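Residue numbers (the numbering used here), protein chains in the order written: chain E, 1 to 299; chain V, 300 to 715.
I should point out that these hints are in silico values taken from the structure, not numbers from a laboratory. Quick caveat, the model's predicted, so the values are computed rather than measured. We put the beta carbon where it would ideally sit given N, CA and C, even for glycine. Check each hint, because a few of them may be wrong.
Simulated DEER-style distance windows between Cβ atoms [said to hold, decoys possible]:
no., chain 1, residue 1, chain 2, residue 2, range
1, V, 517, E, 86, 46 to 52 Å
2, E, 225, V, 670, 51 to 57 Å
3, V, 560, E, 4, 34 to 40 Å
4, E, 88, V, 670, 41 to 47 Å
5, V, 670, E, 230, 49 to 55 Å
6, V, 327, E, 86, 45 to 51 Å
7, V, 490, E, 124, 55 to 61 Å
8, E, 99, V, 510, 57 to 63 Å
9, V, 381, E, 86, 40 to 46 Å
10, V, 704, E, 235, 58 to 64 Å
11, E, 259, V, 566, 47 to 53 Å
12, V, 644, E, 265, 48 to 54 Å
13, E, 54, V, 467, 47 to 53 Å
14, E, 86, V, 691, 48 to 54 Å
With a cut-off of at most 27 Å between alpha-carbon atoms, the simulated DSS-like pairs for lysine-lysine come out as follows [stated by the list, open to error]:
no., chain 1, residue 1, chain 2, residue 2
15, E, 174, V, 633
16, V, 633, V, 675
17, E, 196, V, 301
18, V, 569, E, 52
19, V, 381, V, 329
20, E, 174, V, 626
21, V, 468, V, 513
22, E, 196, E, 83
23, E, 158, V, 629
24, V, 625, E, 174
25, V, 569, V, 557
26, E, 196, V, 381
27, V, 329, E, 196
28, E, 158, V, 633
29, E, 52, E, 196
30, V, 301, V, 551
31, V, 675, V, 467
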Amino acid sequence: MNFDYLDQLEAEAIYIMREVAGQFERPALLFSGGKDSITLVRLAQKAFAPGKIPFPLVHVDTGHNFSEAINYRDQLAEETGSKLIVRYVEDTIKAKGLKEPTGKNASRNWLQTFTLLDTIEEFEFDACIGGARRDEEKARAKERIFSFRDEFGQWDPKRQRPELWNLFNGRIHKGENVRVFPISNWTELDVWNYLKREGIDLPSIYFAHQRELILRDGRLLNNTPVIEKDPADQIVTRQVRFRTVGDMTCTAAVESSAATIEEVIAEITISRISERGETRIDDQQTEAAMEDRKKGGYF
Amino acid sequence: MKVDLLRFITAGSVDDGKSTLIGRLLFDTKNILADQMEAIEKASKTRNAGEIDLALLTDGLRSEREQGITIDVAYKYFQTPKRKFISIDAPGHIQYTRNMVTGASNADLAIILVDARHGVSEQTRRHSLIASMLGIPHVAVAINKMDLVGNSEDTFLKIASDYQELAKKLNIKDLTIIPVSALNGDNIVTRSENMTWYTGPTLLSVLENVNVLKDYNAEDGRFSVQYVIRPQTDALHDYRGYAGRVQSGTFKKGDSIKVLPSEQESKIAKIELGGNEVEQASVLESVTILLENDIDISRGDTIVSANSSPIVSQDIDALVCWMDDKKALKSGSKYVLQHGTARTRCSVRSIEYQVDISTYEHQEDVDQLTLNAVAKIVLRTAQPIAYDPYQSNRMTGAAILIDETSNITVGACMIE
Numbered sequence: 001m002n003f004d005y006l007d008q009l010e011a012e013a014i015y016i017m018r019e020v021a022g023q024f025e026r027p028a029l030l031f032s033g034g035k036d037s038i039t040l041v042r043l044a045q046k047a048f049a050p051g052k053i054p055f056p057l058v059h060v061d062t063g064h065n066f067s068e069a070i071n072y073r074d075q076l077a078e079e080t081g082s083k084l085i086v087r088y089v090e091d092t093i094k095a096k097g098l099k100e101p102t103g104k105n106a107s108r109n110w111l112q113t114f115t116l117l118d119t120i121e122e123f124e125f126d127a128c129i130g131g132a133r134r135d136e137e138k139a140r141a142k143e144r145i146f147s148f149r150d151e152f153g154q155w156d157p158k159r160q161r162p163e164l165w166n167l168f169n170g171r172i173h174k175g176e177n178v179r180v181f182p183i184s185n186w187t188e189l190d191v192w193n194y195l196k197r198e199g200i201d202l203p204s205i206y207f208a209h210q211r212e213l214i215l216r217d218g219r220l221l222n223n224t225p226v227i228e229k230d231p232a233d234q235i236v237t238r239q240v241r242f243r244t245v246g247d248m249t250c251t252a253a254v255e256s257s258a259a260t261i262e263e264v265i266a267e268i269t270i271s272r273i274s275e276r277g278e279t280r281i282d283d284q285q286t287e288a289a290m291e292d293r294k295k296g297g298y299f
Numbered sequence: 300m301k302v303d304l305l306r307f308i309t310a311g312s313v314d315d316g317k318s319t320l321i322g323r324l325l326f327d328t329k330n331i332l333a334d335q336m337e338a339i340e341k342a343s344k345t346r347n348a349g350e351i352d353l354a355l356l357t358d359g360l361r362s363e364r365e366q367g368i369t370i371d372v373a374y375k376y377f378q379t380p381k382r383k384f385i386s387i388d389a390p391g392h393i394q395y396t397r398n399m400v401t402g403a404s405n406a407d408l409a410i411i412l413v414d415a416r417h418g419v420s421e422q423t424r425r426h427s428l429i430a431s432m433l434g435i436p437h438v439a440v441a442i443n444k445m446d447l448v449g450n451s452e453d454t455f456l457k458i459a460s461d462y463q464e465l466a467k468k469l470n471i472k473d474l475t476i477i478p479v480s481a482l483n484g485d486n487i488v489t490r491s492e493n494m495t496w497y498t499g500p501t502l503l504s505v506l507e508n509v510n511v512l513k514d515y516n517a518e519d520g521r522f523s524v525q526y527v528i529r530p531q532t533d534a535l536h537d538y539r540g541y542a543g544r545v546q547s548g549t550f551k552k553g554d555s556i557k558v559l560p561s562e563q564e565s566k567i568a569k570i571e572l573g574g575n576e577v578e579q580a581s582v583l584e585s586v587t588i589l590l591e592n593d594i595d596i597s598r599g600d601t602i603v604s605a606n607s608s609p610i611v612s613q614d615i616d617a618l619v620c621w622m623d624d625k626k627a628l629k630s631g632s633k634y635v636l637q638h639g640t641a642r643t644r645c646s647v648r649s650i651e652y653q654v655d656i657s658t659y660e661h662q663e664d665v666d667q668l669t670l671n672a673v674a675k676i677v678l679r680t681a682q683p684i685a686y687d688p689y690q691s692n693r694m695t696g697a698a699i700l701i702d703e704t705s706n707i708t709v710g711a712c713m714i715e
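Modelling step: build the complete structure from the supplied sequences, incorporating the hints.
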């Protein structure tokens with residue numbers, strides 16, 4: 001039998017997707033346009049083929065996303081025949097009278113939580129499937145595949161349900177929900193190898209291209225009006241690709257000449273810096289940054 | 300070459316050097332990245348830990364870092380050219396037995412750490428019982444801190460012989476005992492120059508070479524239905540596919556099957572993976588099964604090979620590990636039992652005996668089970684369930700108990 005690790009990971013993720021469809025009444029797939037959520041969509045297609053994906057794709061748009069990712073999102077929803085729900089952080093800021101963060105490293109990333117929780121309430125979602133992986137970050141390494149959230153959307157690391165065998169307990173009370181992470185056990189490299197094996201196209205920003213960037217504290221950020229400039233910033237043009245595709249204000253580019261999926265895989269294989277460490281500015285503030293955000297209801 | 304996946308749990312406590320061992324495995328297989336190393340160096344300095352503390356690699360939550368212990372189950376991922384590994388790190392102290400049981404439930408292999416200075420201890424007995432009870436097929440006993448006992452062969456042989464004596468009382472299919480020093484890296488990834496008397500495999504070599512898929516039950520075809528796919532489009536008007544994962548055995552087109560608990564019979568018309576037809580489906584594969592005739596099947600039903608029936612019953616004997624820290628399990632208590640994709644109410648008929656997981660002694664006349672207790676119980680379910688004894692099929696012999704009001708998972712059951 002030729003059942004390798006990618007087959008094993010795929011079979012586990014499909015199993016989890018089907019558990020969601022079987023156990024919940026109103027699930028949703030949180031879709032960002034990034035490679036992890038693109039992988040999720042493919043897994044969901046495979047899980048329910050030849051039927052359609054039995055839940056909507058939901059995107060919380062900070063308004064600071066790469067246009068390439070947004071276009072890709074719209075096209076994918078159309079191709080898969082999935083219902084796409086988009087909610088905007090901008091609207092939450094206006095409706096709640098929230099103060100927009102300002103300053104050098106200002107980001108709307110944290111504000112996404114409010115929009116996400118409102119969206120969950122609006123559609124009464126009882127399960128939200130997300131593309132988080134345990135290899136990304138220390139707090140995520142301890143999170144369950146079915147991660148229980150109370151009625152305020154909070155994660156309590158000390159009150160996590162024991163998760164035994166492949167028996168996922170998705171029983172909840174009304175108003176509570178479960179975040180489900182089918183690719184918890186995948187690494188960054190697994191995701192890339194899977195995308196390659198499946199022949200999936202990605203938004204072009206994942207591959208090397210010339211781009212005008214802000215050089216700040218040794219990091220390369222997209223040169224966009226949504227990032228407030230600092231006198232110390234330098235504007236440079238480099239050949240880069242993005243390893244993660246999040247909000248532009250907290251996603252850095254890496255210098256690279258990898259123009260194809262094979263070249264990206266080769267580059268990651270020899271890379272000595274982990275994915276979030278290299279490109280996510282939001283995790284670096286304190287050692288427990290992610291843990292704190294998750295407790296507050298962050299994805 | 301085919302690269303596959305191995306999940307292993309490391310049992311032991313901080314004092315045994317467990318986190319150091321995992322750190323060492325990652326470090327010597329070049330799986331620690333530059334920025335992670337830098338973060339550890341920084342943290343080691345602020346805590347005055349002296350040398351770089353490899354243990355810091357696995358401590359995730361802030362409260363764990365503060366207390367310098369692992370509270371929850373943590374997962375680490377690394378790979379060698381031969382295999383990909385998922386390291387499951389669970390705390391070793393007795394008050395965290397439920398966490399170890401949780402981690403052990405998905406493990407193909409257990410590393411049991413023994414401090415060479417202390418030999419087989421109460422903790423070793425406890426961890427070994429859990430590994431055996433959870434049916435982990437491979438056990439690697441790492442006699443650690445050999446450097447602190449002068450790398451003595453005699454000490455190693457004495458502890459190894461004590462362990463073999465202990466193992467006789469347990470169900471361990473494949474046992475390897477290795478003298479190591481996690482701190483110095485002896486016999487972890489590279490062979491020790493300080494213990495040339497040892498000719499067995501290194502720890503990594505054991506991890507790389509045990510045969511994982513062979514451990515699953517290959518005989519009895521079992522498939523728990525998760526979801527019924529009915530596209531209801533014009534083109535696929537009559538399509539009715541049963542989505543699930545093969546729990547054991549193999550299913551092929553044309554096979555005679557039986558649906559449980561209803562006992563309806565049919566034949567497999569087609570098996571699909573991601574919408575494409577495949578010849579057959581074996582253990583762990585997530586597929587969709589189509590049957591020759593239209594019978595009533597829904598989530599929670601089990602499709603089995605017609606030639607090997609599981610037990611179908613409402614009366615179940617099980618070993619349970621109790622996980623609720625608020626409420627005790629009592630005779631007469633009612634729960635939701637989740638087995639495969641089926642859920643049914645159940646009540647506890649009796650507690651037969653409690654197992655002392657350190658001495659393995661049975662204690663009768665127990666009227667309730669509190670957190671971390673292990674006991675044999677008798678359950679009566681509202682609906683019959685189709686199961687195999689856990690020790691012959693980990694996939695279909697496992698079940699969890701869920702509290703009906705809090706919805707928390709409160710018990711892990713291994714059906715006998």
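Is it true that residue 704(V) and residue 235(E) lie within 58 to 64 Å of each other by Cβ? The hint (58 to 64 Å, Cβ to Cβ) holds, given that residue 704(V) and residue 235(E) are roughly 60 Å apart.
Decide if the proposed pair is consistent with the structure: residue 52(E) and residue 196(E), CA atoms, cutoff 27 Å inclusive. 23 Å, holds
Indicate whether the distance between the beta carbons of residue 644(V) and residue 265(E) respects the range 48 to 54 Å. Taking Cβ atoms as reference, residue 644(V) and residue 265(E) lie about 50 Å apart, which means the hint holds.
Just to be careful, I want the Cα atoms of residue 174(E) and residue 626(V) compared with a cutoff of 27 Å; is the pair within it? 23 Å, holds
Starting from the range 34 to 40 Å, see whether the pair residue 560(V) and residue 4(E) falls in it by beta-carbon distance. 35 Å, holds
Do the beta carbons of residue 225(E) and residue 670(V) sit within 51 to 57 Å of each other? Holds, at about 56 Å.
Straight-line Cα separation of residue 301(V) and residue 551(V) no greater than 27 Å? 23 Å, holds
Has the hinted range 55 to 61 Å been met by the Cβ atoms of residue 490(V) and residue 124(E)? Holds: the Cβ-Cβ distance is about 59 Å, inside 55 to 61 Å.
Compare the distance between the alpha carbons of residue 625(V) and residue 174(E) with 27 Å, and conclude whether the hinted pair is satisfied. Within the cut-off at roughly 22 Å; holds.
Within 41 to 47 Å: is that where the Cβ-Cβ distance between residue 88(E) and residue 670(V) falls? 46 Å, holds
Between the alpha carbons of residue 174(E) and residue 633(V), is the straight-line distance 27 Å or under? Distance ~22 Å between residue 174(E) and residue 633(V) Cα, so the pair holds.
Hint consistency between residue 329(V) and residue 196(E) [alpha-carbon to alpha-carbon, up to 27 Å]: This hinted pair holds, its Cα atoms lying about 25 Å apart.
Of the numbered hints stated above, none is contradicted by the structure.
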